[in-house]
Every structure is written in C-alpha cells, then in structure tokens.
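Hey, can you work out the whole structure from these sequences and the hints?
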Amino acid sequence: MSLSRVIAFGTITGLGSLSVVFVAADRLAHPAIAATAPPVMARAVPALPEPTTTGTVTQGPAVEPPKARAMTGFDTERLNALMRGETPTGTRKR
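In my numbering, the protein residues as written are 1 to 94.
Be a bit skeptical, because a hint or two may be false.
Now the in silico label distances, taken between C-beta atoms and shown as ranges [stated by the list, open to error]:
| id | residue 1 | residue 2 | range |
| --- | --- | --- | --- |
| 1 | F9 | I33 | 38 to 48 Å |
| 2 | H30 | A8 | 25 to 35 Å |
| 3 | S17 | A44 | 54 to 64 Å |
| 4 | L79 | A47 | 42 to 52 Å |
| 5 | A25 | L3 | 25 to 35 Å |
| 6 | S4 | P31 | 39 to 49 Å |
| 7 | R43 | L15 | 27 to 37 Å |
| 8 | G16 | A37 | 34 to 44 Å |
Worth flagging that the hints you see were computed from the coordinates, not collected in a lab.
Glycine is no exception: its CB is placed at the ideal position from the N, C-alpha and C atoms.
This is the structure in structure tokens:
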C-alpha cells in the first residue's frame, strides 16, 4: 500500500510540474504584442455656471437690501430660555 501512495504522489507532482513547464515555455515562445498607446477620450469643455448660481458678485444693477423678516418660524431665544429653566413671561392678552 505504501508503494502505491508514493507512485501516485510522484505521478501527480510530476504532471503538475510538467504542465507548469509547458505553460512557461509557451509564454516564452510567444511574447506579448507590443503595447499601443491607450485611446484618448475626448473631453468636452466644462460649462461654467452662471454667476447667479455660484453667488459671485458681478457689476450690474444694485441689489435691494433684504426686508425685515416677520416673526415666522422657530423662536430659538424662547427655546434656549426654556432649556435653562426660566419660566416664560409671555404676553398678556387684553
């Protein structure tokens, strides 16, 4: 039994080594084709955004100053006071 294992192992190892030798010989016999320059991709000129979208200042008609905002939305001062534990004074209705 021991002799057949040695023969089987030797055969498998020999066939593996033989296939590696054949592949190496084939690669050496057929060198790779000379590399050509990779194709250059055509690139379009980037479209520059309009100044109004980028927020840049341009010379032109004067911009009106922003109007005072009405009391809309969230009251952060009142929230901060509540989180500090202060009691809201509130406005009294008459």
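Right, here's what the structure says about each hint:
no. : hint                  : in the structure
1   : F9 x I33: 38 to 48 Å  : holds (40 Å)
2   : H30 x A8: 25 to 35 Å  : holds (34 Å)
3   : S17 x A44: 54 to 64 Å : holds (55 Å)
4   : L79 x A47: 42 to 52 Å : holds (44 Å)
5   : A25 x L3: 25 to 35 Å  : holds (32 Å)
6   : S4 x P31: 39 to 49 Å  : holds (43 Å)
7   : R43 x L15: 27 to 37 Å : violated (53 Å)
8   : G16 x A37: 34 to 44 Å : holds (39 Å)
Consistency with the previously given hints fails for number 7 only.
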